[in-house]
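In order, the protein sequences belong to chains A, B, C, D and E. Take the position in the first sequence, starting the count at 1, then add 136; the result is the number in my numbering. Take the position in the second sequence, starting the count at 1, then add 3; the result is the number in my numbering. Take the position in the third sequence, starting the count at 1, then add 1428; the result is the number in my numbering. Each step along the fourth sequence adds one to the number in my numbering, with nothing skipped, and position 92 is 85. Take the position in the fifth sequence, starting the count at 1, then add 353; the result is the number in my numbering.
Hint data in this document are derived by calculation from the structure and do not stem from the laboratory. The C-beta atom is built at its ideal place from N, Cα and C for all residues, glycine as well. Be careful, since some hints might not be right.
Distance condition first, Cα-Cα at most 27 Å in a straight line; then the derived DSS-like pairs of lysine-lysine [claimed, not checked]:
{"hint": "1", "chain 1": "B", "residue 1": "K197", "chain 2": "E", "residue 2": "K432"}
{"hint": "2", "chain 1": "B", "residue 1": "K99", "chain 2": "A", "residue 2": "K240"}
{"hint": "3", "chain 1": "D", "residue 1": "K183", "chain 2": "D", "residue 2": "K234"}
{"hint": "4", "chain 1": "E", "residue 1": "K577", "chain 2": "B", "residue 2": "K197"}
Partner residues aside, some chain C positions facing chain D, computed with beta carbon under 10 Å [to be verified]:
{"hint": "5", "residue": "C1516"}
{"hint": "6", "residue": "L1520"}
{"hint": "7", "residue": "Q1594"}
{"hint": "8", "residue": "I1596"}
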Amino acid sequence: EGIKVGMITTLSGGGAGLGIDVRDGFMLAIAQSGRNDIEVVIEDDQRKPDIAVQLADKLIQSEKVDVMTGIIWSNLAMAVIPSSVAQGKFYLSPNAGPSVLAGKGCHQNYFNVAWQNDNLHEAAGAYAKGAGYTNSFIMAPNYPAGHDALTGYKRMYEGELAGEIFTKLGQTDYASEIAQIRASGADSVFFFLPGGMGISFLKQYADSGIELPVVGPAFSFDQGILQAVGDAALGVVNTSQWNKDIDNPTNAAFVETFQAEYDRLPSLYASQGFDTANLLISALETASPDDADAFRAALEAADFDSTRGDFAFGSNHHPVQDIYAREVIKEGDVYTNKIIGVALEDHSDAYAADCSF
Amino acid sequence: MIRERHLNALVLLLLFAVPLWAFFNDAPFTITLATRAVIFALAAVGLNIALGLGGLVSFGHAVFFGIGGYSMGILAHHAQTYTPLMEAPFLIEGTKSMPVIWLVAMVTSAFAALLIGLLSLRTAGVYFIMITLAFGQMFYFFSISWAAYGGEDGLSVYVRNGFPGVNTLVPINFFVICFVILCLVVLLNTLIAKSPFGLALSAARQVPQRVQTVGLDPNRLKLVAFVISGVITGLAGALFADLNRFVSPTMFSWQMSGEIMIFIILGGVARLCGPIIGAVTFVMLEHFLGGLSEYWHIYLGVLLLIIVLFARGGLVGLITGREVAHD
Amino acid sequence: MTLLNLHNVAASYGSSKALFNVNLTVAEGEVMALMGRNGMGKSTTVKAICRMIPASGQLTFDSQDITRLASHQVARLGVGLVPEGRRCFADLSVTENLNAAARRGPWDFSRVTTLFPRLGEREAQRADTLSGGEQQMLAIGRALMTNPRLLVLDEATEGLAPIIRQEIWAAIAQLKSETGMAIIVIDKSMAELAQVCDQATILERGATVWTGAMAELTPDISQRLIGV
Amino acid sequence: MSTLLIIEQVLNGLQFGVMLFLMAAGLTLIFGVMGLINLAHGSLYMIGAFAAAAVAGLTGSFVLALIAAMAAAAVAGVLVEMLIIRRLYATDHLDQVLATFALILIFSEGTRWLFGSFPLFLNIPDYFSGPVTLPGGIQYPLYRLVLICVGLLVAGALGLFITRTRVGIQIRAGKNDREMIAALGVDISKLYTLIFALGAALAGLAGALVGAIQSVQVGMGEPVLILAFVVIVIGGIGSIKGALIGALLVGLTDTLGGIFLPELFKLFMAPSAAQSSGSALASMAIYILMGVVLIWRPTGLFGARI
Amino acid sequence: MTDPILATHDLQKSFGALKATDGVSIDLLPGEIHAVIGPNGAGKSTLIAQICGGLTPDAGRIDLLGQNVTHTNTRKRAKAGIGRTFQISALAMEDTVLQNVLLGALGASGSPWRFFRPILSDTTLRDKATEALTRVGLQDYAATLTSELSHGQRRQLEVAVALTLKPKAFVMDEPMAGLGAEGSKLLTGFLDALRSEAPILLVEHDMDAVFALADRISVLVYGKIIETGTVDQIRSSQAVREAYLGDGA
Ligand SMILES: Nc1ncnc2c1ncn2[C@@H]1O[C@H](COP(=O)(O)OP(=O)(O)OP(=O)(O)O)[C@@H](O)[C@H]1O
Ligand SMILES: Nc1ncnc2c1ncn2[C@@H]1O[C@H](COP(=O)(O)OP(=O)(O)OP(=O)(O)O)[C@@H](O)[C@H]1O
Ligand SMILES: [Mg+2]
Ligand SMILES: [Mg+2]
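Isolated chain A, as found in the complex (with noise of 0.2 Å):
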């Protein structure tokens, strides 16, 4: 008989985007897998936490869900997943990875299949120091993913800072940073400004005319917000352990057959729902998630192709990977990324030793 997976994501309202391609990625995956034991029962959270704990309690009590999956967002994350794995379900993340899960509040049944938050800021900070970048202005939003931002950022890139701004959540105009910006001398930019955020600035900051170099994680620069940004985003490095020009053949048959499929490029949260539910499929090859441990044991094993080639999950259930820095390019009329080199090789995280099961 067959098993239950739970997929809580946005689907509506404005960080629909995220969450349809997670979806879609990992449907694609379990479509191609042939398997027609596998039931997905997908629930749309709105992005608000509340809904999200609801949909949890319902997958849980009603659906009888072994395995759950899907949330985009941090807080909505911690909102769902503590108390999810409690309940002895596994849970596998395709994109949320704060740091509270990855180190003293990690348990056995959770997987992150994407990254721990802070790991593209981290490799954005390596790719700044080995650029030579020494005077960087860093930003985020004033909240605990900006925060682990800078923080990651700061972990790896060890020159000085020529300014540190927290701007409001959700702001649009950032005429008064980029002002700063002009005023503070700095050689370089990272900004970790996810959504919409990060389009305005780019935007404001192409037309601003000034030319530092700027770098930041994936998430303003992935397939489905590029095409917004335009010129602006051009030349802009970027991290992310995955990329559409990775080269080995999971990843070129995915590209592919993505694009067939749903008439655009996969981006990266389509990449790792597709992940997601290959590790989940590569699992319930040799267990059943009925004997906890055998499951575990499997998921453990990672024994999937990934579409980033090697993966490995380390001590506390979080990725061993590489990741690298891209840089936006336009191939005909499209914006996309190319890969420029490794920022961080066989990264894990700096939770893992908090983390005991």
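Chain A is already provided as a structure; the job is to place chains B, C, D and E with the ligands on it using the hints.
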């Protein structure tokens, strides 16, 4: 057409019967859903005291909902991490006891309502709506950046708090607790509406200058109504946090204030059970439409529109017909 | 020639009926007193004429059926209303109040301010800071500025100083004799009504109970139907 | 911090304020003059931005895009007014809140259904892009200067329209007593439709102009909506002058607060903590401003005294 | 001479350049009806607003029962014994007639802070309210919604609410306004009887009523009292004729 009094009884009865049915048929999620509806209804009944009786359209009631939520979150967080809330000048420990948490939630909400009310009541009408919104936004942004308690990530509490003599982990038990509180508050609301205070408040809403010339202070009447209202919504916030075992700044958001208000409008302003019917309807719509399509908000929007356009006086108005004179 | 005719008109506020059977005819150039005790439906009749509440029965103005017209359409046919309680536009200045709905004709700003010099003196003041009497003048001026063929005055002298009241009665008389404007007057002052009005209609409980020439209104009838 | 930087930041504050004014102008018309709480005003702003992005994508012309934005928003506005809002003037504010909340849901998801879940591209036209050098050597984006001018122009034109023209007077009269102005012969419902269309077109224009330097995405309207409400309440509802001054105040407070509060906190805190507490306070600054203004003047700076 | 119940001394109030009240001294003796008449815009309502606490005078003093109340608020003055009716009815339109009067009774009782017992079960309040309604002749309308009353009936209700306060002095701003001829006559008779209960400061344009009722009349013209006297004195005053009465009366 049925009489409003009968409708009220029917609503409360159904609201109790459905989870009971779910309990015997092993449908725990239905109970969770009903609990959610009951708690929202409680928050809305609270707001309705200010809004329906006192004419105070508060677009900032999420403040009290959030304060209630964080009262629970902070106390339980300290209890579960065994860290004291405060050491100097005297020791305050966290707690996992619902009654204590409720008391704290209600007292803090009362203080906040007193303060916000004092300042906001200088204004009237739309300005009142907006100044209460402003207070809501202040609390929201503050909670987002309050790192000690999780900031935007919020606070998780792993085990539901306890109530003496009741196993709150059993969904139906927690439901009953919430339901009893709702009934008590509805009773309180009925009494207030018919009381001398209620009469004076209603007049203060309509003709403040008249109230003054009979020697009463309309603003003080409204302030008291606002505080009572805030206290009830605060209590609802504490219960909501306990239902989710989680609090976050979204409890303070303007959307939350808006939703509480929408429950009332949907059900019927100044109707005893308006907020309850509104909250239940909204929760059900959200639940049943949510699965229909990615674009289910469109259906929700259209349904709400139909209700506003064709049901004067909200759903209660639709069911009971024209409002009858108070007896 | 008949200008306004109401035949078997009934109207209600929501579910409570206020008019049952009102019959009323105003000829061109005629001044008609609409009388009745408090609450008998005078103002409601006015509202029905101005299409401010839904009414059934037959209403014609200038031999045109107005039963289904919108309020502003009736006004444009030539009904000028001075409502009970004045209802000046509080946020607007005196001048703006007068101009808001003005239509071309013999009545313009200067003629109105000649009739009511006080309005000229306060032309820039907001209507809600005017004294009660000033507001009443403003309401009359405002209606005149629409250059109506039928002027409806619902308690237009309420709250006015006797001296101004005299002016207004004089103005009504002047309107009648000089412009040939038809007028419906609701007022409590029998003496003045008797002087200017040609016809009278008396309402009781929402129905016409007496109608005839003013001269025929004997003290005995008025005692019975109006109480004085 | 250099004076030059401060001047530039003041300019930024003004520009942000003017941007808010564009949005607030339409809202204050509809809200103040017609007495209608239109939560869906943000949706009209979004519709403008999306229409502009779509037309700019097809034709490449920014001017056409702006026209399309205003037209689309106005059409949406007129439809909404005639089909829904018209039935709600007589009811109290609360029904309007619910109805326009429902409209937000419909418009947002409808837009997503039409245009997909990803942000759209809309950029500054070439002739307005890039910085210019102002006297004193400040490098300032040309487009932002254009925005300032457009905003001030709209402010002037609207002010004249409402206070000087007959239509403007009738609109304000209708606000005081709708039934009475109709009884005097003014077709108020036609007039209101017109106002709604005008307000919507302004919101659409704002959406398109602002969309060019921000992200065009579903849900972009709501945060601006809240700010616009803050603006018109500070200024006094229904007053175009108030909306302008309120917008500039909010713009300046927000921009300068974001810069100076963290600096202030640095005087007695560690830099990182100061940054964080400073910006936390800064994010509350405009609401604090609004609270203070309303406590001082309960009907806003230029609102009717009660 | 008896002490006045209510007295103003040299009240001043300006709106911008306009002196709406310009040195008004007026008093109200026990048992009398003191009418204030004057052209529209003379400042009568402004004077009343100052007496009742709606406006604060720029200068001058107001005494109620010998106490200086110039700077106390409306509420305190109501408690101290001023019973006011409004020129434009201020009633709770959504409530019933009885509820409006009950409000007055409740105000007089001074304790609205009772949350649990229905007000209708408070027989003391209820009797007071019904009595006031009966006195103005609205007893049959107790359960009617106030919004359904005619204009004239609302004026009667205004007076009823003031009655429940058992005030030391009535201040009435045009109580006859909107009343029909018959209604005016009834109210005139009623006020005539009321003066034994408490004196009345009466602002009224209905000269029939004023001349029938007033013991004294003060004529206010553009903020100043130009004359105070008995009915006959005022009637025969040339100045008053020119400013106010015209030649009709
Ligand atoms: N808005 C309303 N809603 C319900 N009933 C009303 C309304 N306005 C008036 N009525 C009722 O309709 C009847 C007629 O009222 P109307 O105002 O026409 O009387 P009127 O003859 O003008 O009296 P008055 O001389 O007092 O002005 C009254 O009994 C009144 O109670
Ligand atoms: N708030 C205000 N601002 C400016 N002027 C005002 C204000 N209130 C009243 N006035 C003016 O003061 C004068 C006195 O007004 P008031 O209302 O006291 O007159 P009144 O004697 O009661 O007249 P009426 O008999 O017509 O009611 C009027 O000219 C009026 O326009
Ligand atoms: Mg009448
Ligand atoms: Mg007056």
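Each hint tested on the structure:
no., hint, verdict
1, B:K197 to E:K432, "holds, 24 Å"
2, B:K99 to A:K240, "holds, 22 Å"
3, D:K183 to D:K234, "holds, 25 Å"
4, E:K577 to B:K197, "violated, 48 Å"
5, C1516, "holds, 8 Å"
6, L1520, "holds, 6 Å"
7, Q1594, "violated, 27 Å"
8, I1596, "violated, 19 Å"
Of the numbered hints listed earlier, those contradicted by the structure are 4, 7, 8.
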